[in-house]
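Sequence lines, in order, name chains A and B.
According to my numbering, the first sequence is numbered sequentially starting from 1.
According to my numbering, the second sequence is numbered sequentially starting from 1.
For the record, the hints were derived by calculation from the structure and aren't laboratory data.
Mixed in with the good hints there might be a few duds.
20 Å max Cα-Cα, derived EDC-like pairs, lysine to aspartate or glutamate [what the hints assert, rightly or not]:
no. : chain 1 : residue 1 : chain 2 : residue 2
1   : A       : 187       : A       : 336
2   : A       : 62        : A       : 87
3   : B       : 224       : A       : 303
4   : A       : 224       : B       : 306
5   : B       : 309       : A       : 237
6   : A       : 187       : B       : 237
7   : A       : 107       : B       : 76
8   : A       : 196       : B       : 237
9   : B       : 107       : A       : 76
10  : B       : 224       : A       : 306
11  : A       : 13        : A       : 311
12  : B       : 196       : A       : 237
13  : B       : 13        : B       : 237
14  : B       : 224       : A       : 311
15  : A       : 104       : B       : 76
16  : B       : 187       : A       : 237
17  : B       : 322       : A       : 106
18  : A       : 134       : A       : 295
19  : A       : 107       : B       : 106
20  : A       : 134       : A       : 321
21  : A       : 107       : A       : 68
22  : A       : 309       : B       : 205
23  : A       : 70        : A       : 103
24  : B       : 104       : A       : 106
25  : B       : 104       : A       : 76
26  : B       : 309       : A       : 205
27  : A       : 58        : A       : 76
28  : A       : 22        : A       : 72
29  : A       : 187       : A       : 205
30  : A       : 224       : B       : 311
31  : A       : 367       : A       : 347
32  : A       : 309       : B       : 237
33  : A       : 22        : A       : 350
34  : B       : 107       : A       : 106
35  : A       : 322       : B       : 205
36  : B       : 193       : B       : 213
37  : A       : 224       : B       : 303
38  : A       : 104       : B       : 106
Predicted model, so just to flag it, every value in this text is computed and none were measured.
Protein chains: 2
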Amino acid sequence: MAKDIRYTYPALKEFCETAFQKIGFSKGDSEIITDVLLLSDLYGIASHGMQRLVRYHKGIEKGLIKVDAKPEIVFETPVSLVIEGNDGMGQLNSYFAMTKAIEKAEKSGICIANVRNSNHFGIAGYYAKMAADKGYIGFAMTNSEAIMVPTFGKKAMLGSNPIAMAMPAKPYPFFFDASTTVVTRGKLELYNKMEKPLPEGWALDKNGHGSSDASDVLKNIVAKAGGGIMPLGGETEQLGSHKGYGYGMVCEIFCSILSMGITSNHTHIDGKGGTCHGFAVINPAIFGNPAEIEEHFSTFLRELREAPKAEGAERIYTHGEKEVIAYRDRMENGIDINVNTVAEMVDFCEFVGLDVEKYLGKLDLEKKESSYN
Amino acid sequence: MAKDIRYTYPALKEFCETAFQKIGFSKGDSEIITDVLLLSDLYGIASHGMQRLVRYHKGIEKGLIKVDAKPEIVFETPVSLVIEGNDGMGQLNSYFAMTKAIEKAEKSGICIANVRNSNHFGIAGYYAKMAADKGYIGFAMTNSEAIMVPTFGKKAMLGSNPIAMAMPAKPYPFFFDASTTVVTRGKLELYNKMEKPLPEGWALDKNGHGSSDASDVLKNIVAKAGGGIMPLGGETEQLGSHKGYGYGMVCEIFCSILSMGITSNHTHIDGKGGTCHGFAVINPAIFGNPAEIEEHFSTFLRELREAPKAEGAERIYTHGEKEVIAYRDRMENGIDINVNTVAEMVDFCEFVGLDVEKYLGKLDLEKKESSYN
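Isolated chain A (complex conformation):
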């Protein structure tokens, strides 16, 4: 496996903000996109951070993502918002939606917002955290290109359909962000790069049978030839496949159904995107004293962390704990970026005319074909 290259957070921030401005986004918009991407890298979720830069850029080049699009509110009540994303950048549509939802929840106690005709929005948790940072409960979800095969099916019909929830707690907030598939496509790509067989219970071949062949499964996904990733709970009802499929449906409802948007099985077909998102904000004050609720919740989280461990296990985590640990480490020691991702960043600089050495330092990378060829 290729080595990583370590950058400080400020260095990546400067590069990323410059990069998005170079593509045509305003300074403010570039800051938002950068903040979403880098939180992912800081949290140790490399698949949704800098690694996405070239994919976003290509999406813009192909016309899938429109740089100058503005989100529009097409329907609203004191507790809801429906937003037309106009094929804009997912991060900008989502930041707008969550900001407005927080404003409404400040007055009404709750707001549910959904966005249609948007694009990949990065990590769902970022937006849930926006609410938690204000003392509220936040939810964020998104549909995506179909990759989840429903129980007893052989064709992907739902996206990886992540659901994220964040809520204030001490010493750190609850932060739960997970796809409703067993794993994400990124995991399959990683196993493919390592030429390792996939664990049982992850993926399906084009006939709907379990497959350990990452390369074959990925090829079929790209060709839309059948197969894909199993719902959380696997492929049979014995381990709860229908439950993961059910949570995938919950996500789909709050993203594409209530917004009258495009369901996962129809997005990303014939050059059209159509990704939809769902958000919710709940002010805990509508249930009582927020400080007492936070205290009560923090006690339960502590009890979970302190509960007896399985033989051989050292630690029980509460959701968000690993992210806090990763964040502190990377802010102090820097962020390791995969060398292939750095190569893509170099290609990007060369393509758009940014000084490689200024932003990415003196590099000695193996020469490969550009990501843009």
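Starting from the known structure of chain A, arrange chain B on it as the hints suggest.
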């Protein structure tokens, strides 16, 4: 395995309503409890139907469930309700909470209600369906005696923590009701009765290792000696254990945390119950035209049912389809009640002084020790 005895729905309804009146509930309250229990049997979920009668009765005898308790609203806003259950019957507290939540959602568009200090409420889906029957989206959840072992733990800290969601659709509503554990305790009891080894990925022994020994796992659960059931996704992160654990947390938050109630790890200890529930109602009209949204949703559900099947599979179900099929069958052909459950119903009649033959017919059951000994 013991045979089943078939009853018509009206016969069971008459028996059940009479039984609960005999215990001390009003006619109206007995009708509500009966309706919840029998919907479960009609849906084919025997574990939460008539099978529960003697357990509820024993709960009342022990003082865990208070027959004359009345739910009280202790906090409310136009979009929320917190209800003190006063150790009353779970079905009555929940019916009250959902009825009030629907009333508020009619005005405000959304309402979240939670209930503390209640008891086992039957199937979560019943209450979600109450909202869907009115054209709304409904959610219902409950915590319970701890049975889910968090990832890397060996002690049960969360309940089976089911989450149910229902939403109008054609030709039948979406109805998703599932525990956030891989399976429920009822499944373990069934395997124990059949003396079959548990499938891999269901349960943990008292050291936190996978176990196929149903009898041992159940014994440990009763003795609170350690072990329990795995979260949806199993015991390791490889298959997503942390995700099932996360959904269990979402349930816990909406039940016991926001209501300042008792978390699963502290319920049912020292003769105290303390079960908490969470409910939500969302009027789809806050997002646009409900008829158009229902149409859009129904199209997606149809596409799922019609999607290509895995080799060897005959049918892809959407959530709620199996329940509708079971309901129609049982309304027409009657409901099969397990002979052991019928024996319990006989014991109940003898204990409270109800005419067995009048309500349960002429029976020729093997004589066993009474359930009340």
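Hint check results:
Using a Cα cut-off of 20 Å, the hinted pair residue 187 of chain A and residue 336 of chain A holds, with the two alpha carbons roughly 18 Å apart. The hinted pair formed by residue 62 of chain A and residue 87 of chain A meets the criterion: a straight-line CA distance of about 12 Å does not exceed 20 Å. In summary, the hint linking residue 224 of chain B to residue 303 of chain A is supported, as the alpha carbons are separated by about 16 Å, within the 20 Å threshold. Note on residue 224 of chain A and residue 306 of chain B: the hinted pairing holds, with a Cα-Cα distance of about 17 Å set against a maximum of 20 Å.
At most 20 Å may separate the alpha-carbon atoms for a hinted pair to count; residue 309 of chain B and residue 237 of chain A meet this at roughly 15 Å. Taken as a hint, the residue 187 of chain A and residue 237 of chain B pair is honoured in the structure, with Cα atoms around 13 Å apart against an allowance of 20 Å. A threshold of 20 Å between alpha carbons decides the hint, and for residue 107 of chain A with residue 76 of chain B the separation of about 15 Å falls inside it, so the pair holds. This hinted pair checks out: residue 196 of chain A and residue 237 of chain B have alpha carbons roughly 18 Å apart, not beyond 20 Å.
For a cut-off of 20 Å, the pair hint linking residue 107 of chain B to residue 76 of chain A stands: about 15 Å separates their Cα positions. A threshold of 20 Å between alpha carbons decides the hint, and for residue 224 of chain B with residue 306 of chain A the separation of about 17 Å falls inside it, so the pair holds. As the CA atoms of residue 13 of chain A and residue 311 of chain A are separated by approximately 42 Å, the hinted pair breaks the 20 Å bound. With a C-alpha separation of about 18 Å, the suggested pair residue 196 of chain B and residue 237 of chain A falls inside the 20 Å cut-off, and the hint holds.
Using a Cα cut-off of 20 Å, the hinted pair residue 13 of chain B and residue 237 of chain B is violated, with the two alpha carbons roughly 45 Å apart. Between residue 224 of chain B and residue 311 of chain A, the direct Cα distance comes to roughly 17 Å. Compliance with the 20 Å bound is thereby established for this hinted pair. For the suggested pair residue 104 of chain A and residue 76 of chain B, the alpha carbons sit about 18 Å apart, so the restraint of at most 20 Å is met. Proposed proximity of residue 187 of chain B and residue 237 of chain A is supported: the alpha carbons are some 13 Å apart, at most 20 Å.
Taking the CA atoms of residue 322 of chain B and residue 106 of chain A, the gap is about 41 Å. The hint is violated against a cut of 20 Å. As the CA atoms of residue 134 of chain A and residue 295 of chain A are separated by approximately 16 Å, the hinted pair is consistent with the 20 Å bound. Of the pairs offered as hints, the one joining residue 107 of chain A and residue 106 of chain B holds, with about 19 Å between alpha carbons and a cut-off of 20 Å not exceeded. Taking the CA atoms of residue 134 of chain A and residue 321 of chain A, the gap is about 19 Å. The hint holds against a cut of 20 Å.
With a CA separation close to 31 Å, the supplied pair residue 107 of chain A and residue 68 of chain A exceeds the 20 Å bound. With a C-alpha separation of about 12 Å, the suggested pairing of residue 309 of chain A with residue 205 of chain B holds against the 20 Å cut-off. Restraint check for residue 70 of chain A and residue 103 of chain A: satisfied, since their Cα atoms lie roughly 19 Å apart, inside the 20 Å limit. Taken as a hint, the residue 104 of chain B and residue 106 of chain A pair is honoured in the structure, with Cα atoms around 19 Å apart against an allowance of 20 Å.
Simply put, residue 104 of chain B and residue 76 of chain A have alpha-carbon atoms about 18 Å apart, close enough for the 20 Å limit, and the pair holds. Note on residue 309 of chain B and residue 205 of chain A: the hinted pairing holds, with a Cα-Cα distance of about 12 Å set against a maximum of 20 Å. Of the pairs offered as hints, the one joining residue 58 of chain A and residue 76 of chain A is violated, with about 33 Å between alpha carbons and a cut-off of 20 Å exceeded. Taken as a hint, the residue 22 of chain A and residue 72 of chain A pair is broken in the structure, with Cα atoms around 25 Å apart against an allowance of 20 Å.
The hinted pair formed by residue 187 of chain A and residue 205 of chain A meets the criterion: a straight-line CA distance of about 16 Å does not exceed 20 Å. Under the criterion of a C-alpha separation no larger than 20 Å, the hint pairing residue 224 of chain A with residue 311 of chain B is consistent with the structure, at around 17 Å. For the given pair, residue 367 of chain A sits about 11 Å from residue 347 of chain A by alpha-carbon distance, which is consistent with the 20 Å threshold. Distance check on the hinted pair: residue 309 of chain A and residue 237 of chain B sit about 15 Å apart at the alpha-carbon level, within 20 Å; holds.
Distance check on the hinted pair: residue 22 of chain A and residue 350 of chain A sit about 12 Å apart at the alpha-carbon level, within 20 Å; holds. Restraint check for residue 107 of chain B and residue 106 of chain A: the C-alpha separation of about 19 Å stays at or below 20 Å, so the hint holds. For the hint linking residue 322 of chain A to residue 205 of chain B, the alpha-carbon distance of about 27 Å lies beyond 20 Å, and the restraint is violated. Restraint check: the Cα-Cα separation between residue 193 of chain B and residue 213 of chain B comes to about 12 Å, which is no more than 20 Å; the hinted pair holds.
In summary, the hint linking residue 224 of chain A to residue 303 of chain B is supported, as the alpha carbons are separated by about 16 Å, within the 20 Å threshold. With a CA separation close to 19 Å, the supplied pair residue 104 of chain A and residue 106 of chain B stays within the 20 Å bound.
Figure legend: structure checked against the earlier numbered hints; hints not met, in rising order: 11, 13, 17, 21, 27, 28 and 35.
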